[in-house]
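Chemist: All chains should be modelled from the sequences, with the hints used to inform the complete structure.
Chain by chain, the residues run as shown.
2 protein chains.
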Amino acid sequence: MQSFELLSQKFSLHFDKLSLPKQPATLYEPDEYFLKMGGKRIRPVLCLMGNELVDEIKPDAWHVATAIELFHNFTLIHDDIMDNAPLRRGIASLHAKYGVNTAILAGDVMLVTAYDHINKIDHSYLHKILHLFNRAAREVCEGQQIDMDFERSESVSFDDYLHMIGQKTSVLLAASLKMGAILGGAGERNQNLLYEFGKKLGLAFQVQDDYLDAFGDPGKFGKQVGGDILANKKTFLLIRAMEAANESGKKELKSLLRSDDPGKVNKVLQIFRDSKVDEWALQLKNKFLDGAMDHLEDIAVISKRKEPLKELAHFLVIREF
Amino acid sequence: MQSFELLSQKFSLHFDKLSLPKQPATLYEPDEYFLKMGGKRIRPVLCLMGNELVDEIKPDAWHVATAIELFHNFTLIHDDIMDNAPLRRGIASLHAKYGVNTAILAGDVMLVTAYDHINKIDHSYLHKILHLFNRAAREVCEGQQIDMDFERSESVSFDDYLHMIGQKTSVLLAASLKMGAILGGAGERNQNLLYEFGKKLGLAFQVQDDYLDAFGDPGKFGKQVGGDILANKKTFLLIRAMEAANESGKKELKSLLRSDDPGKVNKVLQIFRDSKVDEWALQLKNKFLDGAMDHLEDIAVISKRKEPLKELAHFLVIREF
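Protein chains in written order, with the working numbering: chain A, 5 to 325; chain B, 5 to 325.
Derived by calculation from the structure, the hints in this document are not laboratory data.
If a hint is listed, it holds; no wrong ones were tucked in.
Mimicking DSSO-like on lysine-lysine, the simulated pairs with C-alpha atoms at most 27 Å apart in a straight line are:
id : chain 1 : residue 1 : chain 2 : residue 2
1  : A       : LYS124    : B       : LYS62
2  : B       : LYS132    : A       : LYS21
3  : A       : LYS101    : B       : LYS238
4  : A       : LYS132    : B       : LYS26
5  : A       : LYS26     : B       : LYS132
6  : B       : LYS26     : A       : LYS237
7  : A       : LYS101    : B       : LYS237
8  : B       : LYS238    : A       : LYS26
9  : B       : LYS132    : A       : LYS62
Modeler: Okay, here's the thing in structure tokens:
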């Protein structure tokens, strides 16, 4: 079994060799530009690790991992348009550089390319993998729509936010693991346990993401600290603060959300601290992580094979960037 | 064998029963709205007719026809955003009614839904059908990008325009026919002849489309006559006129393309008539139609089975709406 780091390196080498058509260059150069931005390649590596949990990595797992990473990048291209995000990893987002119309189409053709890679696998697996891939793809779209709907809602409940994150983030991690496990020959029970592990891991991952945005070390965290607060984004922290803050805190929070106060980030962070949202978030993250680990524990393979997934899970939820 | 009209009615009944998920309604209601606009359903019926050319229509052909129509509608939703089109079939386009962000996502999830329907077919056909479907989908995206690139070019050659129309319009007609033929059990030679028939038919169809925009009967043609001229769209007619007009005509045409002259449409139409672009277009259409018919003739099935396709081809290229 190989560590996340090693598989991530191997996958990056593999993925960088991907060759898109050359013409029309006005369509494919933007896609090349976007893919060259890099990334942690977490999802495709989860697919490879899902396979390696039960057996040596099959060529089909590389095809599906490639499809997953293409799909993930398709969603990022379209999400950046919807979020009106000028930057991605510190450089111009695709639509900022090439225009919205090309970004729509460059995303579309990247999604079609993902299906091309799915179609490279052994025919006996095609129906099942396509089914899982489509379900995850649909749920990610649904999650993104719900997230956009939240921008217009005054208040969002914890359960609704949890459901949204489940769709937008967790299902793709879960499906990546499960597709890998299927291709590795895992039994149905193990496949499903791995899926549930991925879902919980995704939730823990998102809590950490929301936490870092508010309390991350500006020197280590790649993005602007407080970005979610400035964008009035619903996060685990904000939703909790709206419930847990005292009356004056709630009132101040509501009025800050509507304001352009230059001290907005610090004032909101103070309310978060006063209502102990930071501690609560760390507990919540650990709850999801423990839940994930319970599912992993239940999987019927020798525990040595689970080590890379355990390490990855801890890395994903303790990371400071 | 059944006529286009009958199959179109049957397909519409089938397609109208399609049920999308209910939640989130903010995502699926827009898709329902768009699909309810209706349409001629040409592409899915071509799939059914491709099947019926060789054998009784199989259940799989209905699944693929549904996927094709969903794919086509996905392209229309995204194209309307790119073209900044406020209307589709006389009512608000999806993005005009629900916003661009939802329109991007509603298109995305419709494309994923198309793949769900592809995945319903017999597993033995899945790889081949998915391959053809993906190729057509990719080429349609490429054609749309090239079409957008043309908007920024001063002049476009006839060959480049032909290539663009081939990608944007013809390949989906061709692939629809071919997928139907495969599911009906046609041999490879017949499949390919039918594909070439579809490609030529698509070109004839587009010539007619461009012709009607300029010379259609305003009472019969659903859209505003001269719409392409007002939008400075490259068409078969404009490209021909730039080649065939006399020097003063070319000069006037170039200056009209840059102007907002209220008499622009009539002046451009006059140049088209003076340089006999109308007659040329009818000849070009017939050339493509004859080419299509030659391929159909070559297909090794009894000619009676070809009648519905012949009728449809003539209908598509003599239509006045």
